[in-house]
Each structure stands twice: as C-alpha cells, then as structure tokens.
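Colleague: Given next are the chains, with one letter for each unit.
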Amino acid sequence: MSVANTITKLRYRYLPDHMIGEILSKNWIDNAIPFLVMVAVVGVFGTLLPNFFSGSNMEILGRQYGEFALVVIAMMVVIVVGGIDLSVGSNFALGNFAMLYFLNLAELPTGVSALLVILICGGVGLINGLLIGYMRLRAFLTTLVTLIIVRAVVDMLLLEYAQQMSMSFYSSPLWDTMGMGGFGPLPFSFAVLVVVAVLGHIAITRSRPGWRALAIGGSRRSAYNIGLPVRRIVCSAYVLSGMLVGAAGVLYAARLSGAGTDTGMGMEIAALTAAILGGNSLGGGRGSVAKALIGAVTVLVLTNGVLRLGLNSGSGPMVLGLTLLAAVFIDVRWLKNRGKLLSKVYVSPTLMEMPQPRSTEDGPLAVNDRLSDVEVIALGKVESPEDVILDENDYLYSGSRHGDIIRYAPPNYTEHEVYAHIGGSPLGMAFDKDGNLLVCVGGMGLYRVDKDRNVTKVTDETNRSTFSVVDDSRLRLADDLDIAPDGKIYFSEATIRYEMHDWPVDALESRGNGRIICHDPKTGKTHTEIRNLVFPNGVCTSHDGQSILFAESWGCRVNRYWIAGPNKGKLEVLIDRLPGYPDNINRASDGTYWVAIMGMRSPALDLALRMPGFRRRMARRIAPDQWLYPNLNIGCVVRFNDKGEILESLWDRKAANHPMITSMREHKGWLYLGGITNNRIGRVRLKGMDDSWSGWSSYWGKKTGGQA
Amino acid sequence: MFGNSKKFGQEQIVFAITVAMFILFSLFLDNFLAADNIFALLRSVAVLGILGLGMLIVVLGRGIDLSLVANMAISVAWTLQLVGTGTPLGWAIAIGLGFALVMSLVSGLLIAYAEIPPLFATLAMGTFVYGFGRAHLITGTDVVYLPAEFGWASHIGQGRLYGVPVPVILAIAFAAVVYLFLKYTKPGQQIYAVGDNMAAARITGIPVRPILVLQYAIGGIVAFAAGLITATAVQSMNTRIVNSNMIYDVILIVVLGGVSLSGGRGNVRNVIVGTLLIGVLVNGMTIMDIQYTLQNVIKSLILLAAIVADSFINPRDEQTGQQGDI
Chain A
2 MSVANTITKL
12 RYRYLPDHMI
22 GEILSKNWID
32 NAIPFLVMVA
42 VVGVFGTLLP
52 NFFSGSNMEI
62 LGRQYGEFAL
72 VVIAMMVVIV
82 VGGIDLSVGS
92 NFALGNFAML
102 YFLNLAELPT
112 GVSALLVILI
122 CGGVGLINGL
132 LIGYMRLRAF
142 LTTLVTLIIV
152 RAVVDMLLLE
162 YAQQMSMSFY
172 SSPLWDTMGM
182 GGFGPLPFSF
192 AVLVVVAVLG
202 HIAITRSRPG
212 WRALAIGGSR
222 RSAYNIGLPV
232 RRIVCSAYVL
242 SGMLVGAAGV
252 LYAARLSGAG
262 TDTGMGMEIA
272 ALTAAILGGN
282 SLGGGRGSVA
292 KALIGAVTVL
302 VLTNGVLRLG
312 LNSGSGPMVL
322 GLTLLAAVFI
332 DVRWLKNRGK
342 LLSKVYVSPT
352 LMEMPQPRST
362 EDGPLAVNDR
372 LSDVEVIALG
382 KVESPEDVIL
392 DENDYLYSGS
402 RHGDIIRYAP
412 PNYTEHEVYA
422 HIGGSPLGMA
432 FDKDGNLLVC
442 VGGMGLYRVD
452 KDRNVTKVTD
462 ETNRSTFSVV
472 DDSRLRLADD
482 LDIAPDGKIY
492 FSEATIRYEM
502 HDWPVDALES
512 RGNGRIICHD
522 PKTGKTHTEI
532 RNLVFPNGVC
542 TSHDGQSILF
552 AESWGCRVNR
562 YWIAGPNKGK
572 LEVLIDRLPG
582 YPDNINRASD
592 GTYWVAIMGM
602 RSPALDLALR
612 MPGFRRRMAR
622 RIAPDQWLYP
632 NLNIGCVVRF
642 NDKGEILESL
652 WDRKAANHPM
662 ITSMREHKGW
672 LYLGGITNNR
682 IGRVRLKGMD
692 DSWSGWSSYW
702 GKKTGGQA
Chain B
1356 MFGNSKKFGQ
1366 EQIVFAITVA
1376 MFILFSLFLD
1386 NFLAADNIFA
1396 LLRSVAVLGI
1406 LGLGMLIVVL
1416 GRGIDLSLVA
1426 NMAISVAWTL
1436 QLVGTGTPLG
1446 WAIAIGLGFA
1456 LVMSLVSGLL
1466 IAYAEIPPLF
1476 ATLAMGTFVY
1486 GFGRAHLITG
1496 TDVVYLPAEF
1506 GWASHIGQGR
1516 LYGVPVPVIL
1526 AIAFAAVVYL
1536 FLKYTKPGQQ
1546 IYAVGDNMAA
1556 ARITGIPVRP
1566 ILVLQYAIGG
1576 IVAFAAGLIT
1586 ATAVQSMNTR
1596 IVNSNMIYDV
1606 ILIVVLGGVS
1616 LSGGRGNVRN
1626 VIVGTLLIGV
1636 LVNGMTIMDI
1646 QYTLQNVIKS
1656 LILLAAIVAD
1666 SFINPRDEQT
1676 GQQGDI
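As you go down the protein sequences, you meet chains A and B in turn. One gets the working numbering by counting positions in the first sequence from 1 and adding 1 to each. One gets the working numbering by counting positions in the second sequence from 1 and adding 1355 to each.
If you are wondering where the hints come from, they were derived from the structure by calculation, not from laboratory data. Certain hints may be false.
Unchecked claim - Restraint ranges, calculated between C-beta atoms of paired labels, are given here:
| hint | chain 1 | residue 1 | chain 2 | residue 2 | range |
| --- | --- | --- | --- | --- | --- |
| 1 | A | Tyr630 | B | Gly1453 | 39 to 47 Å |
| 2 | B | Ala1555 | A | Lys345 | 13 to 21 Å |
| 3 | B | Gln1646 | A | Ser169 | 23 to 31 Å |
| 4 | B | Asn1552 | A | Val456 | 23 to 31 Å |
| 5 | A | Asn680 | B | Ala1555 | 19 to 27 Å |
| 6 | B | Gly1445 | A | Gly261 | 40 to 48 Å |
| 7 | A | Ser173 | B | Gln1646 | 32 to 40 Å |
| 8 | A | Gly267 | B | Asn1552 | 32 to 40 Å |
These numbers were taken from a predicted model, which means no experiment stands behind them. All C-beta atoms, glycine included, are put in the ideal place defined by N, C-alpha and C.
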C-alpha cells in the first residue's frame, strides 16, 4: 500500500504530464510529423543505398535540392494564399529553355539572361495571378490551362530551336560556377536556396505582406471584409511563384545545359506532394518555408532513392502516389483532430493530498452571523468587483469585469463614476506612495492609473524560464499585488497555463502553475521571484516591511516570503489547513491581517484531489460545465496575526447579504468587501478597531500638508 | 442567377459557337460535311464523351476524378494482356473491370470517409494506379496490343451497325442511360442534392458518404468501358496515355458545356454540347493540318474562355466564394 503510494507520489512529482498538452498547443508541433517522416525516409534510403551519405552524392543531391526546393517554395507561396499552381512544371521548362536560348542564341551575358528568365516566368505567374486574383477564376483549372499552354509553347519553341541550341555550347566562369561550382562545400543552387529560404521565412513570419497572405489563406472573406487588398496579394503570390520557378529553371539549365521535351514533366505533382507532405495546408492559411523545405527533402530523397534502387519504371509514380495519399490523409486528420486532442489532454491533474482542515465548529473559525448586517453598496451597478480599495479622501475604488476602474464617492457611496478604463479583468489593487493606483489586470499584466487618470502599462512580461514549454514570459493572469517599502512591486500570477476565463480549471490540476513576480520601478525590470506555487493569490506586505504574505488558494495555505532582513529569500508556511481557499490578504489596523476565504473546501473535491486519474478521466470524458469545481459561493473573512494564529472570522451563515468574498479592505473602522462573482460591494462596521486608520497611511505614513 | 436556369447561359453560347464553327467548316473546308467525315468526327469524340459522362456524375457531387484516364489505361491494358496470356475473355474482362472498380472504390472511400479533398485523392490514386500497373501488372512495353483471341469483343470499337460506328451508338446509349439514371432514380437525384449542398443533404437524411462512393465507382466502370472501346478501336492500349492531356480534355468537355465544378448543376445535355464542340474543333483543325501542340493551345484557350465566361455568368467574389475551394 505505502509502496504504491510512494510510486504514485513519485510519478506525479516527476512525470511531466502537463507537457504533452503544452507541446501540442505549440505551433511548431505541426512540423513534428513531417519532420519524422523526413527522418524516416532519409534513414531508410540512407541504409538501403550504398554511398548515400558520401560527399559526392550529397553534392549531387544538394544541387538538385536547391532547384527542387525553390519550386516547392513557389508552390507553398500560392498554397498559403489558398490557391494552387499546376503550371510550375511547364514554367520550369520554359525557364530552362529561355535561359539556354538567351545564352546560346541571343548571346546575352549570364546575369542579364537570368534576370530576363525570372521576369518571363514571373510574367506567366502574372497571367495566372490576373486570372485567379483579379478575375476570381478557379486556381486549379486556370493553372491547368497555363500548364498546357506553356508546355505547348515550350514544345513548339524546342521544335524550332533545339537543333541550333545543341550546336553551340556557352561557357563563362559565372555560368560554370552556377552549374558545377559553389561557395566552398555548398553547391551554388543550394546557396541560392538558403538565401531565398531565409528571406522567405522573414517575409512570411515577420512582414506585413506575409501576414496578409496568411490571413487571406486563412479566411479570404474575413480578409476582404477587414479591407485587405485581397486581389492584389493573391496576384502577387502567383507572380512570386513564377519568379521562383524561373530561378529554379535557370539553375537547372546551368546544371544540365540541355532542353528536352520532358523537362519539368510531372514536376507539379512532385512539388505539390512535397508542399503537402511538409504540412502546408491545402486551402491556405497554414504554411511556412520550413514546411516546404522538409517536404522537399522527403520527396527528393524518395524519388531519387526509388530510381537508384533500380526498380522498374512504375515504382516511382506508385511510391509518389502512395506518399501523396498518406500525406494528405495525415494532414486532413491532423487538422481535424488536433484541437480535439488538445482539449482532451491539456488539463493534466496532479496528486494533491490535502490535510484535514481546521474546525469551523468551534474556535476562532466557528461559523457565525457577523456579516448578516452588511451594508450594501452599488447593488446591481457593478459586476465582478474582485478587489476594493480606498484612498485617503475616503473614495472607494473597485474593478469591474468590463475592464473599468469604478470610483464611488463618500460618504454614502451611492454616486459612482468610471474612474479609468483599462480593459481585461482588473483584479488586485494598491496605491503607491504618490497616490497612483496600481492594478493587476487578468489577461493583460500590471497597470498604473495615475492621479490624472492616465493608464500606463507597468509590465506585462517577466523573464522566461529555461525549460518551460509554454511561453511563460507573458503574464496571463496577474492576480494581486502589494508594494514593499523600497517601492518594489510584488505581485502574483495565479497560473501560467490558463487564461483569465478558465481560472477555475486550474483548481482541477492543483499543480504549482503559479508564481510570485517582482517588478522594480527603479530599474524597470521584472523578474520571477518564486515559481511552482499552487494558485498564488493575495499578496500583502507585512507591517514591518520585512516580508510579504501570500495565499496559495488551492493549497489552502498562507505563506511568508522574506524580502529583507536576516531571513531574506526564505519561504515558509504561515498558516496551513485552512477550511477554504484563501484569496486577497490585507493589513488590519491593529497590526494583524485580514484574509478573504473565497470558497470552502468540500470533502468530495478533497477526495478527488487525491485521485488525479479520476480527475483526468473526468476532464477527458465529460463536458467542462459538468466538471467537479471548487465551491466558490460561500466564504468568510479571517483575521490572523504575524505568528500565523487565527484570531477571528466573519461569516454570513444564511448567505443572505454577502457570502462571496474575494477581498476586504479595512478603512476608518469599516471593512469593505469585494467578491468576484458579486453584483455589489459590502461594508460592515468593525467594533474595537481604530476609527482613524487607513491603508495608505499604514504603508506610507500620515498625510502631511498637501501631499497625496 | 445560375447558368443553366438562364435563357442564355454557357451551354447556349457553346452550342452557338459549335453551330457557327460547323457552318464555317462546312463552307470553307472540303470534305468536312461528307458522311464519312461526320462519322469519323463523332467516332473520334465518342470515347471522350463517355468519359465525360463518368466525369459528369462525379462533378455533379462536387467532386472531380483525375484518375479516370489512368484507371482506364491500366485496367484495360491488363485485360488485354490477360487475354494475350491465355485467360478466357470473359474472365479477363471481369478482372479488368474488377480492378477499375476496386481502384475507384478506394478513391471514393478516401474522399467520402477519410475526407481527403477529391482533387488530391484522385490525383494520387491516378499516379498510384499508373505506377502500380506499370510496375506489377503490365509486364511488357508501354503499349499492349489487342490479342487475336479477343474475338467478338473486338467489334466494340471497329464494327458498324446500319452504317453507324458502334462506338457512336454506344456513346448515345451511355448518354441515355446516364440521363435516365440522373433524372429518374433515387441515387441520381441524391447526387444532385449532395453536390448542391452537402450539409443540407446530410440533414435531410441522404446517405451522403455512400452516394459519394457510388459516384466514383460509376466513374471507374465508365472508365473501363471507355477504355475497352478505345482499345478495340485502335487495336491496342498505350499506357502512356496517362501522361497525355487526355484527362484535361475530359474536364474540358464537361466544363465547356456548362457543368458547374462546384457541384449540383449540369446534365447530360451539357456534356453532349461540350463534346460536339471539341469534336468539330479537333476535326476541323485536323483537316486544316494544324500542329498537335497548337491544337492543344487552342483547346486550352477555349477552356479558359469557357471558365472566364462561367465566372461572369456565375460570379464568385470574396463574399460568395467557399473557403478552401480551389
């Protein structure tokens, strides 16, 4: 039994299940299958064929690859915008012929000839582009027509000039370098490919035309509706495709110096197979240079390998046909099921053995009715005030789910106004020394609203962890903050795996997905202070300013982290075994602290937390609205001291006025209550507390004169 | 709003062009109007027309079958070879037909159940069928000649009935059967429904996937029949026909006549009109002794003109175009 327990514990501690979902959610995973196929094909033919990896064979392959991959990139460019170009084979033959014609018969210099060829092939692309982009013809049929016409033109030209061309033999240093030489070990065509690939990658991933092309491929209608020049971009994609094919034709001419009727025959199918095999989506919107390059390697090695294995004439097409089928099949299935698979495996629960909670039958946590006479503020006029705060002039501030900071005027707080609009979900708030309001905004980061109501971003990123799969440099769910005496801002990010609207799902995992982050306004730098916390939530600087207290909600504990003094850097548990999920923590007037309990633990969820397999099955098999979530309907407010002793608690036993509490703020003898699912703010009169105490003065001293 | 329901759609334009060219050729070309030449004209496009009918059925269901010619060439070449190596005629034909059927069924299954776009499924299947056939079925050269043992079946392509070449009669019979099938049978009507709006067809309870498979299966049978006529007419089957432009010619006659490639619209009449135009054109150009490659250019330009005309009659823009429709 205990051995089994130990194994379970070790398994959940060391097997990173959550990585599967995170890897699946990465964009580069699209390339994983094509890449594996490529490795397999290269491996198989590398072992079957003698001397496959020898230098000379690599050089020959590299030269062919340079030409072929250019054609595949050309195909990719049009596939990305949702088209197809079947004329690449004929266009390639045209480029080859034209190059030889210019050199041998027109006797033009190499550079000029190459440029002319690229322009001519671009012209064929332009015809395609005009017909498909501007006249909205179907790409498949249109390029089929240009395929036939260009092929016929090449055939006729060959009939006319082939004889003459075979008589003369052009030679120049540049031409010989293009055909046989290169740069060091790199064949010339391969070097050209490298340049084109790098430029193409930058263009497609980091330039406006590239992004627009992807947008059009993804949804032509939407792209049109947002005002993109759809027709022009589609047209230019075909022109670009034609020019790339022309370049490939020039390189082919340099390598073989011969034009035949079968030049480029069937190349459109090979290029199409390569583009699809690499993972470029038919119909557009998903494609990259890397995908084209991967597919080109696979197809080139495959066709060359089948040829060199000496199989009979039909085997090449047979293997190519089967590969194309398999590639499209995998592509279609992958696209269809990736999202489904991701949603099934992303939630990855871990083992969480919750200790027995403290009693709420007796002692300081005993249920009472002290919140039953809460005074209600702004009933029905505010939605989702997660945190509340008051300034020195007794104005009350709260966030709302619409992304506003709302300000209520004293003394009755019946009047309110939108103080500032930030966006996102404003959560925890704090005033700095100069009276600026700092706000943690879920989905956005840490923001500042100055006294002139200008909203500025303080930070929305931190340093990225070395081994994290998801990009944890971006702040997904900044939750609560507090400011240390030296001005450093400590704030919690509840989870790095879920967005704001999915925050309760993190409870199902109960893994340490959260962290405490520190921003130093003096240097403007942000860095992660503590990692792997279980939904860190409320943050509060201790009265002595030497440590911060923070709640770990799903862990039902409050921790202390020393930021100054002899214990600096030490992390310790201050209160554990809480009966509910602690949320925001704030100072109380008598040197103690308030903590909101946003929901109470239930035996069912506690049990489920010991059974990660059960929770995983639940996440996979039933709809999210039927999952077992923590209870977030009823909570209480608890006061504790620096030693971690619980002193008292305030409950609303009948759940009549203010049962849901995520934050509370003491101000001049009153306790103000906020709750993330509430449509109101509450306040209750405190007995025996300092009637003149305010939060701001507790942090920054008594107001003097006109300051603040 | 659609070509076929309009009084003057693509079909009428093409028909008018055909008639005009027919009159022009009759006036200016000697021997064009001779009975022998007219029969030769019809005979030359009979096979194309039959393949066009097969393609029509597939295109009506918003599909396309690029493996038609490969299927035709390999299945018939295998039949010829089997007969030549001593297999009884009936068996050989059954095996050839079976091969064509199985290959087209595989295409259909890939398209209907694996949801691979038809363009690529049939492109790949065509390549595969040709490669497989050349590698494992056809042992000799590219061309398989009609063996003497072919007996009565060789009349399919060569014979005449009341003076009319048998292929022409067969093409007319095929057209009649396909017409009746599309118009009066349940699957025929369901093909239209599937091609018109697949989602709606599925909701109404039409077995969409089996219908798709059926379309490609019919395509396979038609391909084999057309191949048999070709082989018996020219005494051989050249498997290199797969690498020719023939499949494009088939698409040409279907699209020319006004069949919509987005499915659901078109009928046998459209295919006949398209076939006649190509027949008249090719025949006239052959009499005028125009080079084969130039003929290809002219045919392609006409196809281009047809799809341009189609895009004017059935305009597609960013709002009406279907995503992923290439």
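Colleague: If a hint holds in the structure, say so; if it does not, say that too.
Modeller: Do the hints match the structure? See the list:
Remark: the range hint 39 to 47 Å for Tyr630/A to Gly1453/B is contradicted by a beta-carbon distance near 59 Å. The supplied range of 13 to 21 Å is broken by Ala1555/B and Lys345/A, whose beta-carbon atoms lie about 30 Å from each other. In this structure the supplied range 23 to 31 Å holds for Gln1646/B paired with Ser169/A, their Cβ-Cβ distance being about 26 Å. Taking 23 to 31 Å as the suggested C-beta distance range, the pair Asn1552/B and Val456/A does not conform, at roughly 50 Å.
Between Asn680/A and Ala1555/B the beta carbon distance is about 44 Å. The supplied range of 19 to 27 Å is therefore violated. Taken as a hint, the range 40 to 48 Å holds for the pair Gly1445/B and Gly261/A, whose Cβ atoms sit roughly 44 Å apart. About 35 Å separates the C-beta atoms of Ser173/A and Gln1646/B, a value consistent with the hinted range of 32 to 40 Å. Between Gly267/A and Asn1552/B the Cβ separation comes to about 36 Å, which falls inside the hinted range of 32 to 40 Å.
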